[in-house]
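Each protein sequence line maps, in turn, to chains Y and A. With our numbering, the residue at position 61 of the first sequence is 61, and numbering never jumps. With our numbering, the residue at position 89 of the second sequence is 89, and numbering never jumps.
All the given hints hold, so there is nothing to weed out.
To give an idea of the chain A side of the interface with chain Y (calculated C-beta under 8 Å), a few residues: (1) Thr36; (2) Leu154; (3) Phe163; (4) Tyr179; (5) Pro210; (6) His212.
Cβ pair distances, simulated, as ranges: (7) A:Ala87 with Y:Lys63: 36 to 42 Å; (8) Y:Thr8 with A:Pro99: 52 to 58 Å; (9) A:Glu151 with Y:Lys156: 44 to 50 Å; (10) Y:Lys59 with A:Gln209: 43 to 49 Å; (11) A:Thr15 with Y:Lys223: 51 to 57 Å; (12) Y:Arg122 with A:Glu151: 33 to 39 Å; (13) Y:Gly61 with A:Ala70: 24 to 30 Å; (14) A:Gln213 with Y:Thr27: 33 to 39 Å; (15) Y:Lys215 with A:Arg188: 38 to 44 Å; (16) A:Pro99 with Y:Leu127: 51 to 57 Å; (17) Y:Glu225 with A:Gly77: 37 to 43 Å.
Since the hints were made in silico from the structure, they are not lab data. A virtual CB, placed ideally from N, CA and C, is assigned to each residue, including glycine.
The residues making up each chain are set out below.
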Amino acid sequence: MAHLADGTALPGKLFVVEGIDGSGKSTQLDLLRKWLIAKGYCVAFSEWNSSPLVRDTIKRGKKRKILTPTTFSLLHAADFIHRMEQQMIPALKAGAIVLADRYIYTAFARDVARGVDPQWVRELYSLAVVPTQALYFRVPLEESLRRIMLGRPKLKYYEAGLDVGLSEDPNESYQLFQGRILREYDRLADEYGLVTIDAALPIVRQQEMVRGIVKPHLEGALKAEANPWRHVLDTEQLAGRYLGNATPEAN
Amino acid sequence: MSKVRFYGKGLANVTVTEVPGKLIVLEGPDGVGRSTQIALLREWLEANGYAVFSSGLRRSELASVGIAEAKEGHTLGRTTTAIFYAADLADRLEREILPALRAGFIVLTDRYFYSLIARSVVRGVDEHWIRSLLGFALVPDAVFYLRSDVEHLLPRVLATRAFDYWESGMDFMGRADYYESFVTYQRRMLDEFDALGREFGFCDIDATQPVHQVFRALREGVVEVVSALKVS
Numbered sequence: 001m002a003h004l005a006d007g008t009a010l011p012g013k014l015f016v017v018e019g020i021d022g023s024g025k026s027t028q029l030d031l032l033r034k035w036l037i038a039k040g041y042c043v044a045f046s047e048w049n050s051s052p053l054v055r056d057t058i059k060r061g062k063k064r065k066i067l068t069p070t071t072f073s074l075l076h077a078a079d080f081i082h083r084m085e086q087q088m089i090p091a092l093k094a095g096a097i098v099l100a101d102r103y104i105y106t107a108f109a110r111d112v113a114r115g116v117d118p119q120w121v122r123e124l125y126s127l128a129v130v131p132t133q134a135l136y137f138r139v140p141l142e143e144s145l146r147r148i149m150l151g152r153p154k155l156k157y158y159e160a161g162l163d164v165g166l167s168e169d170p171n172e173s174y175q176l177f178q179g180r181i182l183r184e185y186d187r188l189a190d191e192y193g194l195v196t197i198d199a200a201l202p203i204v205r206q207q208e209m210v211r212g213i214v215k216p217h218l219e220g221a222l223k224a225e226a227n228p229w230r231h232v233l234d235t236e237q238l239a240g241r242y243l244g245n246a247t248p249e250a251n
Numbered sequence: 001m002s003k004v005r006f007y008g009k010g011l012a013n014v015t016v017t018e019v020p021g022k023l024i025v026l027e028g029p030d031g032v033g034r035s036t037q038i039a040l041l042r043e044w045l046e047a048n049g050y051a052v053f054s055s056g057l058r059r060s061e062l063a064s065v066g067i068a069e070a071k072e073g074h075t076l077g078r079t080t081t082a083i084f085y086a087a088d089l090a091d092r093l094e095r096e097i098l099p100a101l102r103a104g105f106i107v108l109t110d111r112y113f114y115s116l117i118a119r120s121v122v123r124g125v126d127e128h129w130i131r132s133l134l135g136f137a138l139v140p141d142a143v144f145y146l147r148s149d150v151e152h153l154l155p156r157v158l159a160t161r162a163f164d165y166w167e168s169g170m171d172f173m174g175r176a177d178y179y180e181s182f183v184t185y186q187r188r189m190l191d192e193f194d195a196l197g198r199e200f201g202f203c204d205i206d207a208t209q210p211v212h213q214v215f216r217a218l219r220e221g222v223v224e225v226v227s228a229l230k231v232s
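Chain Y extracted, bound-state conformation (with noise of 0.2 Å):
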């Protein structure tokens, strides 16, 4: 179950993936998504910092490099609420599977170590629905930065969280600002109970472990047939053709 803020249990199921980046979570719930789309599941996704009209803003700022943490953080929360009033709670309330690729951790992980209150950016995200379970992707700093600098040659202002003022080095500073995130999420970790995953581990082995927390939530949850059309393609000899644009799933 997920329940909304204040208490009311929702029939969805809400699954998080929380983790520094590089640590590999969206591969672990893309992987969880196909799973679980295959075994007929109506399977909404929910992504950080995505709503169109919030991430404009927030692409503006971080172009002119306006925004300050409080800023930074309130915009966050503005495309947070924003997604989980159209995505999520309608999606949980229908009894879908809702999975979130980071949630509202990552703000208290990622503001705080921007020197925002932690009890103001707790306060702010206070709406946030409770998720079913939150995963939390750990992985050493040295093995995040490995994977992260192998196809990424320039950090980008805010991302290396030069705004913080730590190093005036990006590398140096990505480390450092890094460093913090991890150290907060460690603290979240037991806060929460959020459950760790060692994302050192083979990717294999580490999506085992995620289905096997999954799937004790299932039962019961909204069922919606994936592709339903292909059967049509077989017994009429279709190809197909025209479904690209009628379908968003169709690829």
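Based on the hints, put chain A in the right spot on chain Y.
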């Protein structure tokens, strides 16, 4: 040949009285799978040698961009929106649908006249006014209505996309809750479609069945309409 008839005053300067093509409308609530069925139907018809033109709400060159922008800003009132949708339909009728029908195409359209009436009436627009406004709409050769209920629509909508502001009637229902709003709005739309279906003789297709059964039922109905094209 199909007689060219209109629901009201017709289109200015359109004098053609008969067309060789067939206008087939698919109606049904949001998330029922209209576009999937049209995609399948179009491919099947083409595979059987029929030329098909596919159309649908908000696809006109003239008005589609304007409607999209207005929806984004939530700026247009219900009456202005109704007129905008009417302009979209008129543009497609005059410059796409009628020419295609005259050339002997089967025109499949995803929603039509009836959807425009339903979405306006549910929002409190005067029914008489909207019908007279849309009097330029061509009477189609058949209307297939994919009948479903909110319980069947919900999982489809949730699995493919989030709740849409407009599909949830958030612009006028005055509720903060998307779920409640979606359910209530869609129920009202279904009631409206029921009334329209009785009046305009929709051919009902049970869309709570699996997709392949819906397709089979729909194809049967369409074949009946278009088979005349093979003999004459």
